[in-house]
Amino acid sequence: MSKSRYKFKHLTNVNQTGFALVMLLVFSSIFVVLLVAASGYVVSQAKVTNAKIRDQKALEIAEAGITYYRWHLAHVTDDFTDGTGEPGPYVHEYYDINGNLIGEYSLNIIPPESGSTVVTIESTGYLIDFPKTKRTIALQLGNPSFSSFAVVANDEMRFGTGTEIWGPVHSNDGIRFDGYAHNIISSTRDQYNDPDHGGGDEFGVHTHISPVDPQPPAAVPSRPDVFGAGRLFPVAPIDFNGITTDLADLKARAIDNGIYLGASGAQGYHIHFNPDDTVDITRVTSQSSCSYRWWFWWFAYSDIWSIGNESAFTYESQSSIGLPMPTNYIIFVEDDVWVDGQVDGQRVTLIAAREPLASGDATIVVNNDLEYINYDGTDAIGLIAQTDISVGFFSEDNLRIDASVIAQNGRVGRYYYPNRSGYTQSPAGCASYVYRDTLTLFGSLASNDRYGFAYTDGTGYLFRNLNFDSNLFYAPPPNFPTVGEYAIISWEEK
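Residue numbers for the sequence shown follow the numbering used here, beginning at 5 and rising by one.
Honestly, the hints are just simulated from the structure, not real lab data. Hints are not guaranteed to be accurate.
[What the hints assert, rightly or not] Mimicking PhoX-like on lysine-lysine, the simulated pairs with C-alpha atoms at most 20 Å apart in a straight line are:
| no. | residue 1 | residue 2 |
| --- | --- | --- |
| 1 | K56 | K138 |
| 2 | K498 | K136 |
| 3 | K138 | K61 |
| 4 | K56 | K136 |
| 5 | K255 | K138 |
| 6 | K498 | K56 |
| 7 | K498 | K61 |
| 8 | K498 | K255 |
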(Lines of atoms letter the chains of each structure in order from A and count residues from 1; the text may use other names and numbers.)
(Lines give C-alpha, C1' and ligand atoms only; values in the text may rest on other atoms or scores of the structure.)
Protein backbone atom coordinates (compact mmCIF):
# COMPACT_ATOMS: atom_id res chain seq x y z
CA MET A 1 0.00 0.00 0.00
CA SER A 2 1.40 3.37 -0.93
CA LYS A 3 2.12 5.96 1.72
CA SER A 4 -0.35 8.48 0.30
CA ARG A 5 -3.11 5.94 0.22
CA TYR A 6 -2.42 5.06 3.84
CA LYS A 7 -2.62 8.68 4.86
CA PHE A 8 -5.96 9.09 3.13
CA LYS A 9 -7.36 6.02 4.81
CA HIS A 10 -6.04 7.22 8.16
CA LEU A 11 -7.60 10.63 7.68
CA THR A 12 -10.89 9.04 6.72
CA ASN A 13 -10.92 7.00 9.90
CA VAL A 14 -10.06 10.06 11.93
CA ASN A 15 -12.83 12.06 10.26
CA GLN A 16 -15.33 9.29 10.86
CA THR A 17 -14.33 9.06 14.51
CA GLY A 18 -14.62 12.82 14.94
CA PHE A 19 -18.00 12.89 13.25
CA ALA A 20 -19.21 10.14 15.54
CA LEU A 21 -18.00 12.07 18.56
CA VAL A 22 -19.74 15.21 17.36
CA MET A 23 -22.96 13.31 16.74
CA LEU A 24 -22.64 11.69 20.14
CA LEU A 25 -22.24 15.08 21.76
CA VAL A 26 -25.18 16.47 19.81
CA PHE A 27 -27.47 13.61 20.69
CA SER A 28 -26.21 13.63 24.27
CA SER A 29 -27.00 17.32 24.50
CA ILE A 30 -30.43 16.76 23.03
CA PHE A 31 -31.02 13.92 25.45
CA VAL A 32 -29.88 16.05 28.36
CA VAL A 33 -32.14 18.89 27.25
CA LEU A 34 -35.06 16.51 26.85
CA LEU A 35 -34.28 14.89 30.18
CA VAL A 36 -34.13 18.25 31.91
CA ALA A 37 -37.34 19.31 30.18
CA ALA A 38 -39.04 16.05 31.10
CA SER A 39 -37.82 16.36 34.67
CA GLY A 40 -39.07 19.92 34.79
CA TYR A 41 -42.40 18.82 33.39
CA VAL A 42 -42.66 16.03 35.92
CA VAL A 43 -41.78 18.39 38.73
CA SER A 44 -44.22 20.97 37.37
CA GLN A 45 -46.98 18.39 37.06
CA ALA A 46 -46.22 17.16 40.54
CA LYS A 47 -46.58 20.71 41.81
CA VAL A 48 -49.85 21.12 39.92
CA THR A 49 -51.10 17.79 41.25
CA ASN A 50 -50.11 18.69 44.80
CA ALA A 51 -51.78 22.08 44.40
CA LYS A 52 -54.94 20.38 43.18
CA ILE A 53 -54.79 17.96 46.11
CA ARG A 54 -54.38 20.86 48.54
CA ASP A 55 -57.18 22.73 46.79
CA GLN A 56 -59.47 19.70 46.97
CA LYS A 57 -58.59 19.15 50.61
CA ALA A 58 -59.42 22.80 51.36
CA LEU A 59 -62.81 22.24 49.72
CA GLU A 60 -63.39 19.13 51.84
CA ILE A 61 -62.58 21.12 54.96
CA ALA A 62 -65.01 23.85 53.90
CA GLU A 63 -67.69 21.19 53.35
CA ALA A 64 -66.96 19.83 56.82
CA GLY A 65 -67.77 23.29 58.17
CA ILE A 66 -71.09 23.28 56.33
CA THR A 67 -71.91 19.80 57.64
CA TYR A 68 -71.05 20.85 61.19
CA TYR A 69 -73.30 23.89 61.20
CA ARG A 70 -76.19 22.05 59.60
CA TRP A 71 -75.90 19.60 62.49
CA HIS A 72 -75.77 22.51 64.92
CA LEU A 73 -78.94 24.08 63.52
CA ALA A 74 -80.73 20.73 63.65
CA HIS A 75 -80.27 20.82 67.42
CA VAL A 76 -80.53 24.56 68.10
CA THR A 77 -82.64 25.97 65.28
CA ASP A 78 -82.33 29.64 66.23
CA ASP A 79 -78.63 29.87 67.17
CA PHE A 80 -76.70 31.82 64.57
CA THR A 81 -73.63 32.56 66.71
CA ASP A 82 -72.20 29.03 67.03
CA GLY A 83 -73.22 28.88 70.68
CA THR A 84 -71.03 31.85 71.61
CA GLY A 85 -73.50 34.71 71.61
CA GLU A 86 -70.76 36.72 69.91
CA PRO A 87 -70.26 37.87 66.31
CA GLY A 88 -68.20 35.67 63.98
CA PRO A 89 -66.26 34.40 62.21
CA TYR A 90 -66.11 31.11 64.11
CA VAL A 91 -62.95 29.06 63.55
CA HIS A 92 -62.80 25.30 64.12
CA GLU A 93 -59.88 22.88 63.80
CA TYR A 94 -60.05 20.03 61.32
CA TYR A 95 -58.38 16.64 61.94
CA ASP A 96 -57.74 13.81 59.49
CA ILE A 97 -58.80 10.21 60.10
CA ASN A 98 -55.59 9.59 62.04
CA GLY A 99 -56.31 12.40 64.46
CA ASN A 100 -53.74 14.78 62.99
CA LEU A 101 -54.55 18.47 62.86
CA ILE A 102 -54.31 19.40 59.19
CA GLY A 103 -56.56 22.41 58.70
CA GLU A 104 -59.24 24.79 59.88
CA TYR A 105 -62.58 26.09 58.69
CA SER A 106 -63.91 29.56 59.36
CA LEU A 107 -67.68 30.07 59.55
CA ASN A 108 -69.60 33.22 58.76
CA ILE A 109 -73.27 32.84 59.68
CA ILE A 110 -75.78 35.28 58.19
CA PRO A 111 -79.00 34.99 60.21
CA PRO A 112 -82.46 35.26 58.66
CA GLU A 113 -83.77 38.70 57.92
CA SER A 114 -86.89 39.82 59.70
CA GLY A 115 -89.84 37.82 58.40
CA SER A 116 -87.68 35.06 56.93
CA THR A 117 -86.35 31.65 57.98
CA VAL A 118 -83.51 31.63 55.42
CA VAL A 119 -80.03 31.43 56.94
CA THR A 120 -76.77 31.60 54.98
CA ILE A 121 -73.70 29.60 56.05
CA GLU A 122 -70.34 30.62 54.56
CA SER A 123 -67.55 28.16 55.30
CA THR A 124 -63.90 28.77 54.30
CA GLY A 125 -61.53 25.80 54.52
CA TYR A 126 -57.72 25.78 54.39
CA LEU A 127 -54.71 23.64 55.37
CA ILE A 128 -52.47 24.64 58.27
CA ASP A 129 -49.32 24.27 56.11
CA PHE A 130 -50.83 26.15 53.16
CA PRO A 131 -53.10 28.82 54.65
CA LYS A 132 -53.25 30.80 51.41
CA THR A 133 -55.01 27.95 49.60
CA LYS A 134 -58.63 28.57 50.53
CA ARG A 135 -62.02 27.38 49.29
CA THR A 136 -65.31 29.00 50.35
CA ILE A 137 -68.79 27.50 50.14
CA ALA A 138 -72.02 29.44 50.67
CA LEU A 139 -75.12 27.43 51.59
CA GLN A 140 -78.62 28.83 51.97
CA LEU A 141 -81.01 26.92 54.22
CA GLY A 142 -84.67 27.56 54.87
CA ASN A 143 -86.72 26.25 57.77
CA PRO A 144 -90.24 25.48 56.50
CA SER A 145 -93.09 26.60 58.75
CA PHE A 146 -96.77 25.78 58.98
CA SER A 147 -97.26 28.50 56.38
CA SER A 148 -95.37 26.30 53.89
CA PHE A 149 -98.60 24.38 53.24
CA ALA A 150 -101.77 25.54 51.60
CA VAL A 151 -103.55 23.14 53.97
CA VAL A 152 -102.10 20.91 56.69
CA ALA A 153 -104.24 18.90 59.10
CA ASN A 154 -103.95 16.44 61.94
CA ASP A 155 -107.21 14.76 60.93
CA GLU A 156 -108.93 13.25 57.91
CA MET A 157 -109.68 15.69 55.11
CA ARG A 158 -111.98 15.75 52.13
CA PHE A 159 -111.75 18.14 49.19
CA GLY A 160 -114.85 18.11 47.05
CA THR A 161 -115.42 18.34 43.32
CA GLY A 162 -114.50 21.75 41.95
CA THR A 163 -111.79 22.40 44.53
CA GLU A 164 -108.56 23.74 43.06
CA ILE A 165 -105.49 23.91 45.32
CA TRP A 166 -102.20 25.58 44.36
CA GLY A 167 -99.97 24.89 47.35
CA PRO A 168 -98.83 21.69 49.10
CA VAL A 169 -101.45 19.78 51.12
CA HIS A 170 -100.69 17.33 53.94
CA SER A 171 -102.65 15.33 56.49
CA ASN A 172 -101.44 13.19 59.36
CA ASP A 173 -104.48 11.07 58.55
CA GLY A 174 -106.08 10.29 55.19
CA ILE A 175 -107.16 12.57 52.36
CA ARG A 176 -109.97 12.16 49.87
CA PHE A 177 -109.30 14.58 47.04
CA ASP A 178 -111.86 15.06 44.28
CA GLY A 179 -110.63 18.39 42.90
CA TYR A 180 -107.42 19.37 41.12
CA ALA A 181 -104.08 19.87 42.89
CA HIS A 182 -101.21 21.84 41.36
CA ASN A 183 -98.83 20.71 44.11
CA ILE A 184 -98.02 17.58 46.11
CA ILE A 185 -100.80 15.99 48.18
CA SER A 186 -99.32 13.90 51.00
CA SER A 187 -100.51 11.77 53.90
CA THR A 188 -98.87 10.06 56.84
CA ARG A 189 -101.22 7.10 56.40
CA ASP A 190 -100.53 4.30 53.95
CA GLN A 191 -104.24 3.44 53.97
CA TYR A 192 -107.27 4.36 56.07
CA ASN A 193 -111.02 3.90 56.39
CA ASP A 194 -112.61 6.91 54.71
CA PRO A 195 -115.51 7.98 56.99
CA ASP A 196 -117.36 9.48 54.00
CA HIS A 197 -117.42 6.21 52.10
CA GLY A 198 -118.34 2.64 52.95
CA GLY A 199 -116.30 -0.43 52.14
CA GLY A 200 -112.73 -1.34 52.93
CA ASP A 201 -109.67 0.78 53.51
CA GLU A 202 -108.50 3.14 50.80
CA PHE A 203 -105.16 4.72 49.92
CA GLY A 204 -103.84 7.39 52.28
CA VAL A 205 -104.44 9.86 49.45
CA HIS A 206 -107.22 8.78 47.11
CA THR A 207 -109.87 10.12 44.77
CA HIS A 208 -113.41 9.20 43.82
CA ILE A 209 -113.25 11.08 40.53
CA SER A 210 -114.00 8.50 37.83
CA PRO A 211 -112.37 6.09 37.48
CA VAL A 212 -112.43 5.65 41.26
CA ASP A 213 -109.09 4.57 42.74
CA PRO A 214 -108.71 0.85 43.37
CA GLN A 215 -108.31 -0.31 46.94
CA PRO A 216 -105.03 -1.42 48.56
CA PRO A 217 -102.93 -3.42 47.97
CA ALA A 218 -103.45 -2.62 44.28
CA ALA A 219 -100.90 -0.43 42.51
CA VAL A 220 -101.47 3.30 42.98
CA PRO A 221 -102.47 4.95 39.67
CA SER A 222 -100.81 8.28 38.85
CA ARG A 223 -104.02 10.21 38.04
CA PRO A 224 -102.47 13.42 36.65
CA ASP A 225 -106.01 14.67 35.98
CA VAL A 226 -106.44 15.03 39.76
CA PHE A 227 -102.93 15.11 41.22
CA GLY A 228 -101.07 17.45 38.88
CA ALA A 229 -97.80 17.17 40.83
CA GLY A 230 -98.40 13.70 42.26
CA ARG A 231 -99.32 12.26 45.65
CA LEU A 232 -97.05 10.90 48.38
CA PHE A 233 -97.90 8.47 51.18
CA PRO A 234 -96.91 7.46 53.70
CA VAL A 235 -94.65 10.36 54.77
CA ALA A 236 -93.47 11.71 58.13
CA PRO A 237 -96.14 13.42 60.27
CA ILE A 238 -96.30 17.12 61.09
CA ASP A 239 -96.04 17.78 64.84
CA PHE A 240 -99.00 19.80 66.11
CA ASN A 241 -98.14 19.15 69.77
CA GLY A 242 -94.84 20.95 69.36
CA ILE A 243 -96.74 24.21 68.87
CA THR A 244 -97.11 24.37 72.66
CA THR A 245 -93.38 25.10 72.96
CA ASP A 246 -93.75 27.82 70.34
CA LEU A 247 -96.61 29.35 72.34
CA ALA A 248 -94.40 29.67 75.41
CA ASP A 249 -91.72 31.38 73.35
CA LEU A 250 -94.24 33.71 71.71
CA LYS A 251 -95.69 34.65 75.08
CA ALA A 252 -92.24 35.56 76.40
CA ARG A 253 -91.52 37.65 73.30
CA ALA A 254 -94.85 39.48 73.63
CA ILE A 255 -94.17 40.29 77.28
CA ASP A 256 -90.67 41.58 76.46
CA ASN A 257 -91.21 43.63 73.30
CA GLY A 258 -94.72 42.99 72.03
CA ILE A 259 -98.29 43.52 73.18
CA TYR A 260 -99.43 41.18 75.95
CA LEU A 261 -103.06 41.08 77.09
CA GLY A 262 -104.19 39.06 80.09
CA ALA A 263 -107.72 37.81 80.67
CA SER A 264 -110.30 40.45 79.72
CA GLY A 265 -112.73 39.73 82.52
CA ALA A 266 -115.41 39.81 79.83
CA GLN A 267 -116.00 38.00 76.52
CA GLY A 268 -112.54 38.63 75.11
CA TYR A 269 -110.88 41.29 72.94
CA HIS A 270 -111.52 42.82 69.53
CA ILE A 271 -108.31 43.62 67.63
CA HIS A 272 -108.54 45.81 64.55
CA PHE A 273 -105.39 46.37 62.46
CA ASN A 274 -104.95 49.78 60.86
CA PRO A 275 -102.80 50.34 57.74
CA ASP A 276 -100.94 53.20 59.50
CA ASP A 277 -99.02 50.73 61.71
CA THR A 278 -101.41 51.05 64.64
CA VAL A 279 -103.95 48.74 66.20
CA ASP A 280 -107.28 49.36 67.93
CA ILE A 281 -108.03 47.03 70.84
CA THR A 282 -111.37 46.93 72.66
CA ARG A 283 -112.81 44.73 75.35
CA VAL A 284 -115.85 42.74 74.16
CA THR A 285 -118.45 43.06 76.89
CA SER A 286 -121.30 41.16 75.25
CA GLN A 287 -122.11 39.10 72.17
CA SER A 288 -124.96 39.43 69.70
CA SER A 289 -127.79 36.92 69.56
CA CYS A 290 -130.31 35.47 67.15
CA SER A 291 -133.42 33.69 68.40
CA TYR A 292 -136.36 31.99 66.73
CA ARG A 293 -139.79 31.05 68.11
CA TRP A 294 -141.29 27.60 67.87
CA TRP A 295 -144.85 27.68 69.07
CA PHE A 296 -144.63 29.50 72.38
CA TRP A 297 -140.97 28.87 73.05
CA TRP A 298 -137.98 30.92 72.01
CA PHE A 299 -134.69 29.27 71.17
CA ALA A 300 -131.36 31.00 70.66
CA TYR A 301 -128.66 29.96 68.24
CA SER A 302 -125.60 28.78 70.14
CA ASP A 303 -121.97 29.61 69.35
CA ILE A 304 -122.86 32.97 67.82
CA TRP A 305 -119.32 34.33 68.25
CA SER A 306 -120.33 37.82 67.14
CA ILE A 307 -119.64 41.11 68.91
CA GLY A 308 -122.55 42.85 70.64
CA ASN A 309 -120.95 45.58 72.74
CA GLU A 310 -117.33 46.61 73.23
CA SER A 311 -115.36 49.34 74.97
CA ALA A 312 -111.89 50.83 74.92
CA PHE A 313 -109.61 50.69 77.96
CA THR A 314 -106.23 51.90 79.14
CA TYR A 315 -103.21 49.88 78.07
CA GLU A 316 -99.88 50.78 79.66
CA SER A 317 -100.97 54.35 80.44
CA GLN A 318 -102.47 55.05 77.01
CA SER A 319 -105.72 54.48 75.18
CA SER A 320 -106.16 51.06 73.64
CA ILE A 321 -107.33 52.81 70.45
CA GLY A 322 -104.55 53.67 68.00
CA LEU A 323 -101.81 51.77 69.82
CA PRO A 324 -98.50 51.70 67.92
CA MET A 325 -97.70 48.23 66.66
CA PRO A 326 -95.02 46.58 68.82
CA THR A 327 -91.44 46.47 67.59
CA ASN A 328 -91.47 42.69 67.20
CA TYR A 329 -95.04 42.62 65.83
CA ILE A 330 -96.15 39.90 68.24
CA ILE A 331 -99.48 40.20 70.07
CA PHE A 332 -100.29 37.56 72.68
CA VAL A 333 -103.77 37.40 74.21
CA GLU A 334 -104.80 35.14 77.09
CA ASP A 335 -108.44 35.21 76.01
CA ASP A 336 -110.71 34.83 73.00
CA VAL A 337 -110.09 37.29 70.16
CA TRP A 338 -112.10 38.82 67.32
CA VAL A 339 -109.80 40.20 64.61
CA ASP A 340 -110.19 42.21 61.40
CA GLY A 341 -108.69 45.21 59.58
CA GLN A 342 -105.84 45.87 57.15
CA VAL A 343 -102.05 45.88 57.25
CA ASP A 344 -99.77 47.88 54.98
CA GLY A 345 -96.13 46.83 55.12
CA GLN A 346 -96.52 45.01 58.44
CA ARG A 347 -95.82 41.40 59.30
CA VAL A 348 -97.62 40.49 62.51
CA THR A 349 -98.43 37.36 64.52
CA LEU A 350 -101.50 37.25 66.79
CA ILE A 351 -101.87 34.46 69.35
CA ALA A 352 -104.87 33.52 71.50
CA ALA A 353 -103.84 31.10 74.26
CA ARG A 354 -104.77 30.58 77.88
CA GLU A 355 -102.73 28.90 80.56
CA PRO A 356 -102.03 26.05 80.76
CA LEU A 357 -100.71 26.45 77.25
CA ALA A 358 -100.88 22.72 76.54
CA SER A 359 -104.62 22.47 77.26
CA GLY A 360 -106.11 25.98 77.18
CA ASP A 361 -109.13 26.79 75.03
CA ALA A 362 -108.74 30.25 73.49
CA THR A 363 -110.36 30.91 70.11
CA ILE A 364 -109.81 33.44 67.30
CA VAL A 365 -112.86 34.65 65.34
CA VAL A 366 -112.86 36.42 61.97
CA ASN A 367 -116.26 37.85 61.00
CA ASN A 368 -115.09 40.83 58.94
CA ASP A 369 -112.40 41.22 56.30
CA LEU A 370 -108.79 40.80 57.38
CA GLU A 371 -106.71 42.02 54.46
CA TYR A 372 -103.30 42.87 53.06
CA ILE A 373 -102.72 45.99 51.02
CA ASN A 374 -99.60 44.50 49.43
CA TYR A 375 -99.55 41.00 47.95
CA ASP A 376 -95.83 40.81 47.11
CA GLY A 377 -94.73 39.25 50.40
CA THR A 378 -94.40 42.59 52.19
CA ASP A 379 -97.51 41.98 54.32
CA ALA A 380 -98.10 38.92 56.46
CA ILE A 381 -100.53 38.01 59.24
CA GLY A 382 -100.27 34.92 61.40
CA LEU A 383 -103.18 33.75 63.55
CA ILE A 384 -102.54 31.02 66.14
CA ALA A 385 -105.34 29.75 68.39
CA GLN A 386 -105.18 27.01 70.99
CA THR A 387 -108.53 25.65 69.85
CA ASP A 388 -110.46 27.09 66.91
CA ILE A 389 -110.04 29.64 64.16
CA SER A 390 -113.72 30.36 63.55
CA VAL A 391 -116.10 32.36 61.43
CA GLY A 392 -119.08 33.36 63.56
CA PHE A 393 -122.78 33.81 62.91
CA PHE A 394 -122.92 37.49 61.90
CA SER A 395 -120.13 37.27 59.35
CA GLU A 396 -119.74 39.10 56.04
CA ASP A 397 -121.50 37.59 53.05
CA ASN A 398 -118.27 37.86 51.06
CA LEU A 399 -115.51 37.36 53.58
CA ARG A 400 -111.79 37.64 52.84
CA ILE A 401 -109.09 36.40 55.21
CA ASP A 402 -105.48 37.16 54.27
CA ALA A 403 -103.51 35.17 56.84
CA SER A 404 -101.71 32.02 57.83
CA VAL A 405 -103.97 30.37 60.39
CA ILE A 406 -103.31 27.60 62.92
CA ALA A 407 -105.94 25.89 65.08
CA GLN A 408 -103.67 23.84 67.31
CA ASN A 409 -106.19 21.69 69.16
CA GLY A 410 -109.39 22.53 67.31
CA ARG A 411 -110.50 23.24 63.78
CA VAL A 412 -110.57 26.02 61.22
CA GLY A 413 -114.11 26.63 60.00
CA ARG A 414 -117.59 27.92 60.67
CA TYR A 415 -119.97 26.57 63.26
CA TYR A 416 -123.07 24.78 62.10
CA TYR A 417 -126.14 27.01 62.22
CA PRO A 418 -129.33 25.18 61.08
CA ASN A 419 -131.88 26.91 58.87
CA ARG A 420 -134.68 28.46 60.95
CA SER A 421 -135.82 31.05 58.41
CA GLY A 422 -139.41 29.76 58.54
CA TYR A 423 -139.77 30.78 62.17
CA THR A 424 -140.33 34.16 63.77
CA GLN A 425 -136.92 35.61 64.50
CA SER A 426 -135.37 38.17 66.79
CA PRO A 427 -133.82 40.35 65.46
CA ALA A 428 -136.09 40.05 62.43
CA GLY A 429 -134.47 38.16 59.56
CA CYS A 430 -131.37 37.21 61.53
CA ALA A 431 -131.65 33.55 60.50
CA SER A 432 -130.66 34.53 56.96
CA TYR A 433 -127.06 34.64 58.21
CA VAL A 434 -126.92 30.85 58.21
CA TYR A 435 -126.41 31.17 54.44
CA ARG A 436 -123.30 33.00 53.26
CA ASP A 437 -121.93 33.41 49.77
CA THR A 438 -118.13 33.42 49.36
CA LEU A 439 -115.18 32.94 51.69
CA THR A 440 -111.66 33.54 50.37
CA LEU A 441 -108.60 32.56 52.36
CA PHE A 442 -105.29 33.82 51.01
CA GLY A 443 -102.37 32.33 52.91
CA SER A 444 -102.27 28.93 54.57
CA LEU A 445 -104.47 26.79 56.80
CA ALA A 446 -103.42 24.42 59.59
CA SER A 447 -106.14 22.58 61.48
CA ASN A 448 -105.88 19.89 64.13
CA ASP A 449 -109.42 18.68 63.41
CA ARG A 450 -111.25 18.41 60.13
CA TYR A 451 -111.86 21.89 58.77
CA GLY A 452 -114.90 23.21 56.94
CA PHE A 453 -116.90 26.33 56.16
CA ALA A 454 -119.96 24.67 54.60
CA TYR A 455 -122.42 21.88 55.34
CA THR A 456 -124.35 19.36 53.28
CA ASP A 457 -127.68 21.14 53.89
CA GLY A 458 -126.37 24.22 52.07
CA THR A 459 -125.68 26.33 55.13
CA GLY A 460 -122.36 28.07 55.60
CA TYR A 461 -120.35 29.52 52.72
CA LEU A 462 -121.48 28.41 49.29
CA PHE A 463 -118.13 29.15 47.63
CA ARG A 464 -114.78 28.59 49.34
CA ASN A 465 -111.55 29.77 47.75
CA LEU A 466 -108.33 28.57 49.37
CA ASN A 467 -105.43 30.42 47.77
CA PHE A 468 -101.88 29.60 48.84
CA ASP A 469 -99.54 32.55 49.44
CA SER A 470 -96.24 31.21 48.10
CA ASN A 471 -94.41 34.22 49.58
CA LEU A 472 -94.85 32.57 52.97
CA PHE A 473 -92.89 29.41 52.15
CA TYR A 474 -89.64 30.61 53.74
CA ALA A 475 -90.92 34.00 54.88
CA PRO A 476 -93.69 33.27 57.40
CA PRO A 477 -95.17 35.75 59.90
CA PRO A 478 -92.87 36.59 62.85
CA ASN A 479 -91.77 33.54 64.84
CA PHE A 480 -94.39 31.34 63.21
CA PRO A 481 -94.07 27.66 64.27
CA THR A 482 -91.83 25.53 62.06
CA VAL A 483 -92.52 21.99 60.89
CA GLY A 484 -89.18 20.30 60.36
CA GLU A 485 -85.49 20.66 59.72
CA TYR A 486 -83.70 23.20 57.59
CA ALA A 487 -83.79 22.36 53.89
CA ILE A 488 -81.17 23.33 51.30
CA ILE A 489 -82.25 26.17 49.03
CA SER A 490 -78.96 26.83 47.23
CA TRP A 491 -75.28 25.76 47.23
CA GLU A 492 -72.49 27.69 45.58
CA GLU A 493 -68.74 28.13 45.75
CA LYS A 494 -67.60 31.69 46.15
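Going through the hints against the structure:
no.: 1; hint: K56 x K138; result: holds (12 Å)
no.: 2; hint: K498 x K136; result: holds (15 Å)
no.: 3; hint: K138 x K61; result: holds (9 Å)
no.: 4; hint: K56 x K136; result: holds (13 Å)
no.: 5; hint: K255 x K138; result: violated (45 Å)
no.: 6; hint: K498 x K56; result: holds (17 Å)
no.: 7; hint: K498 x K61; result: holds (16 Å)
no.: 8; hint: K498 x K255; result: violated (40 Å)
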